[in-house]
Amino acid sequence: DSGVTQTPKHLITATGQRVTLRCSPRSGDLSVYWYQQSLDQGLQFLIQYYNGEERAKGNILERFSAQQFPDLHSELNLSSLELGDSALYFCASSVWASLTGTSDNNEQFFGPGTRLTVL
Amino acid sequence: AQKITQTQPGMFVQEKEAVTLDCTYDTSDQSYGLFWYKQPSSGEMIFLIYQGSYDEQNATEGRYSLNFQKARKSANLVISASQLGDSAMYFCAMREGRDNYGQNFVFGPGTRLSVLP
Numbered sequence: 001d002s003g004v005t006q007t008p009k010h011l012i013t014a015t016g017q018r019v020t021l022r023c024s025p026r027s028g029d030l031s032v033y034w035y036q037q038s039l040d041q042g043l044q045f046l047i048q049y050y051n052g053e054e055r056a057k058g059n060i061l062e063r064f065s066a067q068q069f070p071d072l073h074s075e076l077n078l079s080s081l082e083l084g085d086s087a088l089y090f091c092a093s094s095v096w097a098s099l100t101g102t103s104d105n106n107e108q109f110f111g112p113g114t115r116l117t118v119l
Numbered sequence: 001a002q003k004i005t006q007t008q009p010g011m012f013v014q015e016k017e018a019v020t021l022d023c024t025y026d027t028s029d030q031s032y033g034l035f036w037y038k039q040p041s042s043g044e045m046i047f048l049i050y051q052g053s054y055d056e057q058n059a060t061e062g063r064y065s066l067n068f069q070k071a072r073k074s075a076n077l078v079i080s081a082s083q084l085g086d087s088a089m090y091f092c093a094m095r096e097g098r099d100n101y102g103q104n105f106v107f108g109p110g111t112r113l114s115v116l117p
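Note that the protein sequences, when read in sequence, are chains A and B.
Residue 1 is where the first sequence starts when you use the working numbering, and the numbers rise one by one after that.
Residue 1 is where the second sequence starts when you use the working numbering, and the numbers rise one by one after that.
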């Protein structure tokens, strides 16, 4: 158990709909990262938040957005869903620059993922 | 251009033998980090090992070691004494950027390792 929780575990929805994925980082970790893993694109970095602020953007579509709340949990919002959005969405949190101190290795602890199926 | 290249889509190794999974990377940053993750069939991502670009010694974690050759931009994972439980997908990844501003994370396509009894 990495200490990162993600809900829901599975999500099935229809094209055109909007969903929200939730992530709670490890206690004390300030950074949250979102990734999408699909068969054709592999693992893609979407976005990073640090202590409530967006810090880095990867291959995130405009239909997708995220935020990190004061309690450090994060939500990834996916709208106008398309069949191609079906994927495993991972959240990770980083031990680097956590509230308890700093670490050099910047290891990311991954949650179990949310499997999104768009029908 | 691919930032992380893993040239072996699939590998087989006999139980108890050592295996090397290849990874080459491309970055213009002076400060970066290299990671290996394992993804079993259950789907979770498990951190294995980390190498910082300024680390002079190769990283080791138990049966895992990272063969870091900076000039060649390679970061191969060596698993010693393979076990059946090592059968999984292995991803090489790179973090560019040192601090919490504008980091970029890139994963390779992965290598599927199968350990044979």
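To be clear, the hints were calculated from the coordinates, so they are not data collected in a lab.
Nothing here was measured: the structure is a model prediction, and the numbers come from that model.
Incorrect hints may have been included.
As the list claims (entries may be wrong) - Within a straight-line C-alpha distance of at most 30 Å, the following computed DSSO-like cross-link-like pairs (lysine-lysine) qualify:
1. A/Lys57 x B/Lys16
2. B/Lys3 x B/Lys73
3. A/Lys9 x B/Lys73
4. B/Lys70 x B/Lys16
5. B/Lys73 x B/Lys16
6. A/Lys57 x A/Lys9
7. B/Lys70 x A/Lys9
8. B/Lys70 x B/Lys3
What the hints assert, rightly or not - Partner residues aside, some chain B positions facing chain A, computed with beta carbon under 10 Å:
9. Tyr37
10. Gln39
11. Ser41
12. Ser42
13. Met45
14. Tyr50
15. Ala81
16. Gly85
17. Ala88
18. Phe91
19. Arg95
20. Asn104
21. Phe105
22. Val106
23. Phe107
Yeah, the Cβ is synthetic: ideal placement off N, Cα and C, and Gly gets one too.
These are the hints, each one checked on the structure:
Taken as a hint, the A/Lys57 and B/Lys16 pair is broken in the structure, with Cα atoms around 42 Å apart against an allowance of 30 Å. A threshold of 30 Å between alpha carbons decides the hint, and for B/Lys3 with B/Lys73 the separation of about 11 Å falls inside it, so the pair holds. Of the supplied pair hints, the one linking A/Lys9 and B/Lys73 is violated, its CA atoms being roughly 37 Å apart against a limit of 30 Å. Between B/Lys70 and B/Lys16, the direct Cα distance comes to roughly 29 Å. Compliance with the 30 Å bound is thereby established for this hinted pair.
At roughly 29 Å between alpha-carbon atoms, B/Lys73 and B/Lys16 fall within 30 Å of each other, so this suggested pair holds. Taking the CA atoms of A/Lys57 and A/Lys9, the gap is near 24 Å; set against the 30 Å cutoff, the hint holds. For the suggested pair B/Lys70 and A/Lys9, the alpha carbons sit about 39 Å apart, so the restraint of at most 30 Å is broken. A threshold of 30 Å between alpha carbons decides the hint, and for B/Lys70 with B/Lys3 the separation of about 15 Å falls inside it, so the pair holds.
Annotation: interface hint on B/Tyr37 holds; nearest CB of chain A at approximately 8 Å, less than 10 Å. For the restraint placing B/Gln39 at the interface with chain A, the shortest Cβ-Cβ distance is roughly 9 Å, inside the 10 Å limit, so the hint holds. A least Cβ separation of about 13 Å between B/Ser41 and chain A goes past the 10 Å threshold, and the interface hint is therefore violated. Because the smallest distance between the Cβ of B/Ser42 and any Cβ of chain A comes to about 9 Å, under 10 Å, the interface hint for this residue holds.
Checking B/Met45 against chain A by beta carbon gives a least distance of about 4 Å; that is within 10 Å, so the hint holds. Contact between B/Tyr50 and chain A, as hinted, is supported at the beta carbon level, the nearest pair being about 4 Å apart and thus within 10 Å. With a least beta-carbon distance of about 23 Å to chain A, the hint placing B/Ala81 at the interface is violated under the 10 Å criterion. Residue-level restraint check for B/Gly85 is violated (minimum Cβ-Cβ distance to chain A is 17 Å; threshold 10 Å).
For the restraint placing B/Ala88 at the interface with chain A, the shortest Cβ-Cβ distance is roughly 14 Å, beyond the 10 Å limit, so the hint is violated. Hint on B/Phe91 holds. Least Cβ distance to chain A is approximately 6 Å, under the 10 Å limit. Interface restraint check: B/Arg95 against chain A, minimum CB-CB distance 6 Å, threshold 10 Å, status holds. A cut of 10 Å between beta carbons decides the hint on B/Asn104: the least distance to chain A is about 6 Å, and the hint holds.
Annotation: B/Phe105 was flagged as interfacial toward chain A, and the flag holds, the nearest CB pair being 4 Å apart, inside 10 Å. Interface restraint check: B/Val106 against chain A, minimum CB-CB distance 7 Å, threshold 10 Å, status holds. This hint holds: B/Phe107 has a C-beta 4 Å from the nearest C-beta of chain A, less than the 10 Å allowed.
Hints 1, 3, 7, 11, 15, 16 and 17 from the list above are not met by this structure, while the remaining hints are.
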